[in-house]
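Colleague: Letter by letter, the chains look like this.
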Amino acid sequence: MRARTRTLTTGVLAAALVAAGCSPTTDSGGGGDEKTKTQTGSVSYEAADNQGPAKAVDGAARGGTLTVMQNSDFEHLDPARNYVNVQQVTGGLIYRALNGYKEDGTGKLLLVGDLATNPGKDVNKDCKVWEFTLREGVKYEDGSPVTSKDVAYGIARSFASNLNEGPHYIQQWLYPGGAYNAKYQGPYDGGKAVPDGVETPDDRTIRFTFPEAHCDLPYAAALPTSAPVPAAKDTRANYDLRPFSSGPYKVKSYQRDVALELERNPNWDPATDPIRNAYPDAIRVTFGLEQAQIAERLVADAAADQAALSWTDVPPAVLPRTTTAGVVERVVKGPTQYTWVLDINTQRVTDLNVRKALNYAVDKDAALKAIGGQAAGSPATTLMSPTTSGWKKYDVFNAPVTGDKTKVTELLGGKRPKLVLAHSNTELRTQQAEAIRKNLTDMGFDIVMKPIESSSYYDEVGRKDNPYDLYLSGWGSDWPTGSTIIPPVYDGREIVAEGNNNLSYLNEPSVSAEVDRIRNLPAAEQDAGWMALDEKIMREYAPVVPCYYDATYELHGSKVGNAFLSDAFGIISLNGIYVKK
Amino acid sequence: MFRFVVRRLLVAGVTLVVISLVTFGLFFAVPSSPAKVMCGKNCTAADIAQVEQRLGIDQPLPRQYAGFVKGIFVGRTYGSGDFRQDCPAPCLGYSFRNNQPVTEIIAQRLPVTFSIVFGGAVLWLVLGISLGMVSALRRGTVFDRTAIGITLAGASMQVYFFGLILLYLLVYATGLLPFPSYTPLTENPGRWAVGLLLPWMTLGFLNSALYARLSRAQMLETLSEDFVRTARAKGLSARQVHTRHALRAAITPIVTIAGLDIGTSLGGTFITETIFGLQGLGKATVEAVQFLNLPVVMATVLLAAVFIVVANIVVDVLYAVIDPRVRLS
Amino acid sequence: MVKLPEPRSGESPYLRVKDLRVRFDTEDGVVRAVDGVSFSVERGRTLGIVGESGSGKSVTSLAILGLHNAKRAAISGEISVGGRQLVGMPEEEVRRLRGRDMAMIFQDPLSALHPYYTVGRQIAEAYRVHHPRAGKREARGRAVDMLGRVGIPQPGKRFDQYPHEFSGGMRQRAMIAMALVNDPDLLIADEPTTALDVTVQAQILDLLEDLQGEFRSAIILITHDLGVVSQVADDVLVMYGGRAVEHGSVEQVLRRPQHPYTWGLLSSVPSLHGDADADLVPIKGNPPSLINLPSGCAFHPRCRYADRNGDRSRTEVPELRPAGEAGHLVACHLPADERTRLYQQDIAQVGVAQ
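Residue numbers (our numbering), protein chains in the order written: chain C, 1 to 581; chain W, 582 to 910; chain B, 911 to 1264.
The reader is advised that the hints may include incorrect statements.
Said to hold, decoys possible - Straight-line Cα separation of at most 30 Å, DSS-like style, residue types lysine-lysine; simulated pairs:
#1 W/Lys617 / C/Lys183
#2 C/Lys369 / C/Lys418
#3 W/Lys617 / C/Lys192
#4 W/Lys617 / C/Lys464
#5 C/Lys450 / W/Lys617
#6 C/Lys369 / C/Lys438
#7 C/Lys405 / C/Lys450
#8 C/Lys464 / C/Lys438
I should point out that these hints are in silico values taken from the structure, not numbers from a laboratory.
Could you put together the complete structure from these sequences and hints?
Modeller: As structure tokens, then:
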């Protein structure tokens, strides 16, 4: 499996995507403190969950125009190229994938069939052959029926090198070993219509046959590459501008860098859709405003902006104005799928006591304050984020959030280790690294700062023989299971010369053995297995200091109803949203 | 004059070639690859190579430049097979970021910047010059001192400061004006004007400060000229002396500066566009640079250069029209 | 309502200036640019005002035309033009006289003409401002006519040319045409020939003389050039430090000068008729500061004879008093006979412009 990305940090692409399955249980005392959540997210084959129409939202009414204010235009809307959460939530209004996430704002998140009648049938119970049956009555914007051939075509075209920006799990699983499109480059220029391992015995059935077991397929099938594209409607590079609609909305106009306007697809039948309520008559996504402008406008809540929201985080400067009555109830906040850790290069820092001392030493509060405080995240003690399926809070060290100097002194035993702290050279990351340096120096370490050009930060620290001891990194997965976190980031067998995701370079046979054991457990037991391994790694090896869980902090106008944070995407969901009269 | 313009245009052509070469060179001197930026998440080396090929940046530099030049004059073809895209002349290529034709981006962005600049310029010229002239004529009075004070404040303020204050006072706090937006003039002149009022006011006030000071100084200088005394000696009224004789002479250097100012601004008013969330050329340029979006960078940089060059020629011609002593050669 | 031209007074002199004082308040102090000057000019006669720069001669002429900024210059005394008292007259009324009853020819026609307008247009404008009923064509005709009168060839063509397209002499002729376009009764020419070469100078002076004969204007000729004065003036006023130091007919002042300053002026001018080898004697020292005018006779620091009266020259401002001949006045403490003696002894043989 290819690694999911570390983003949100560097370069110009602030692309955070993911499907994460967390269901915060409503805690009577804490009221949504993610540390107290336990995850119950799962793949549901229940008929009740998989049947349309979506359950009506109390008090919701059809009609109105919802505005989403965004900083910059989407890069891609073409389902083959769509790999960013804001694009996926928007794309999800226009086209439907085989599977989708059903959420209602109460914390219950289920993976269910979207185009498919259920999340996929594991034909031989070995996770190698998967079959999906399409719902009856699903139609495109021109009234023609959606067929499994169109789904197959959509997957086929995602192999084209010209459309290579999307997620490629299914593609890689169909052609394992080497690059996913080395052997098959899509249906263009005389290529085969369908990749190997994809069959469509009839118009409503699609079957995948993989050489290896892939029990995560239902999750991979929720990514937009499984959305149907009729070959006749494929405008190739220009499909980005106007994907052909199979969902509740179709593209009315799309002026790049200015606005995308969606209007109803009259041929969408709510009875076929278990996920979407599609209350607004129109959705308008506007581009080009600065983060602060968006926040100011939503705080001001002028008449024109009352039916608006944004997926852009409120910047620190505007945060104080979001705590007053009239605004605070319009804040939508919560954790995303990213956990930020301070990696300790275990090849260089081999003394476990020093690594433990670091875990007692780091002032997580200071590290967070440097980037915006509470709105930016909350202190972490685990490797996986609270949005991960089966997540449970644990804390091996039980240190105060600002550190425990007594413990540090005790563990260091009179030594003063000299460590190199590498950081990305953006303003924010430099501030943060400076806070960490000051904190660690106070705690009894000698810290040397090493700034790295932001665009090559992960290349640098991803080199096995890198000359740094400490560096901060964030990891988010494309769906909410431990299998997308622990193996790529902590299994020593994944370590290569360059481009590593295992940035602590932890290489322990006992961890690898556990990874193999958990992978062979029945699906239902895997979540608990990954969580146990998470704790074991921290308790026995302390290869990183878990710093903080990334958070999002968004605003919406006073006429927006049922705005809640999607656990699957980490931003406000649009599926059940409505405009108040 | 015809020969003058032709010759200046030839020089301008050479200038543009040099600018395009320098931009090209600088772009490739940057260590990051645009392919890495465009490729998105989870890019493998193979993915990046594919993107590089698609964008054409795997080619040797001279060939890329030749392709760029060819595109402008005769058009060019991008991609091959099913992904073939014919880009007719004048072809400035496609945005790396979203495959939009660059000519389309320009066509979309230019009217925004034009509207901001022309509206603002009318305001700052009318306001600035009249304030400066009246100040000069009432030198030393309360009006003059107040005007100098205000213009000093204006000249020392920045767009991002003053603009944000206006935005806060007129939009966020009171809602007197809607948040700025661009509606094409041809579509709805009323909304066009209302949507651009804030940037106009901001640019108008800040730049008028400069022009007021400039025209005051110019006017004072002109008023001490012999020919103004001659005009008075003829028995002309004060108004005739000021408007017909002094103003015309005082305005000449202002025309030069205004022409160059407007020419420069047309290349993009990035800060103004950013503060008011308007999608003009300036924002397009800065974003393109951030995204290493070469075709857009090339087009916007060259366009900005064209505006400056043309503004220079226009100013020179205007100068010759105003001042009969100037011979264009 | 059309205001009829006011009847021009037949009494002479046409211009009478009495005890004129012009004062500027500056940051450095009070500048007494003109300090009690009196003179008069009859119609058909020419008064030459002579002096170094800063002597107050230009300030005097601008005061007559009312061209000083009322806010910056304090003017007192009397200026009577054709019987009208100009000091204290509302600006609007003075404006009506300017260019019509009294006109001015400026020193440097290149800077005095507006560079952006054609010569013809500027002349026509001067006409139309006082003939509001005159159409464009009439004004043009008048301007072309005037250009011809001042000796500019092809005036119809020249009308449409710009000042920079004229030669220096032609420009000055145009300037004169502009000044005369309304037949003024009083013409003030401020160094009209300074910027020109000698042959052109002579032509311009001839022209002025001819035109005076034709229009019977009263002319004030301001110059530092005694040669010019001797050529065209009837009377001469010598100014120093804002005051008149000698006043009389050309004959009196140039042939029998009474003031040491006038002597100095005469000695520093080469004579066309005198001994070409004779040395020119410049006046030593610099013109006085008008803010800190020397006490007593303003000329005393530069005067060779200042000590001959004890302290008088340093303490007492000499009044303009009859110098002997009728109409010849001089402001000098030296006794008349001593002045005559000194002149004969020290100056006359040196050679004087005559």
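Colleague: Next, verify each hint and record whether it holds.
Modeller: Verification of the hints:
Note on lysine 617 of chain W and lysine 183 of chain C: the hinted pairing holds, with a Cα-Cα distance of about 23 Å set against a maximum of 30 Å. A threshold of 30 Å between alpha carbons decides the hint, and for lysine 369 of chain C with lysine 418 of chain C the separation of about 25 Å falls inside it, so the pair holds. As the CA atoms of lysine 617 of chain W and lysine 192 of chain C are separated by approximately 29 Å, the hinted pair is consistent with the 30 Å bound. For the given pair, lysine 617 of chain W sits about 21 Å from lysine 464 of chain C by alpha-carbon distance, which is consistent with the 30 Å threshold.
With a C-alpha separation of about 23 Å, the suggested pairing of lysine 450 of chain C with lysine 617 of chain W holds against the 30 Å cut-off. Restraint check for lysine 369 of chain C and lysine 438 of chain C: the C-alpha separation of about 13 Å stays at or below 30 Å, so the hint holds. About 25 Å separates the Cα atoms of lysine 405 of chain C and lysine 450 of chain C, which keeps this hinted pair within 30 Å; it holds. Distance hint between lysine 464 of chain C and lysine 438 of chain C is fulfilled; the C-alpha atoms sit about 27 Å from each other, no more than 30 Å.
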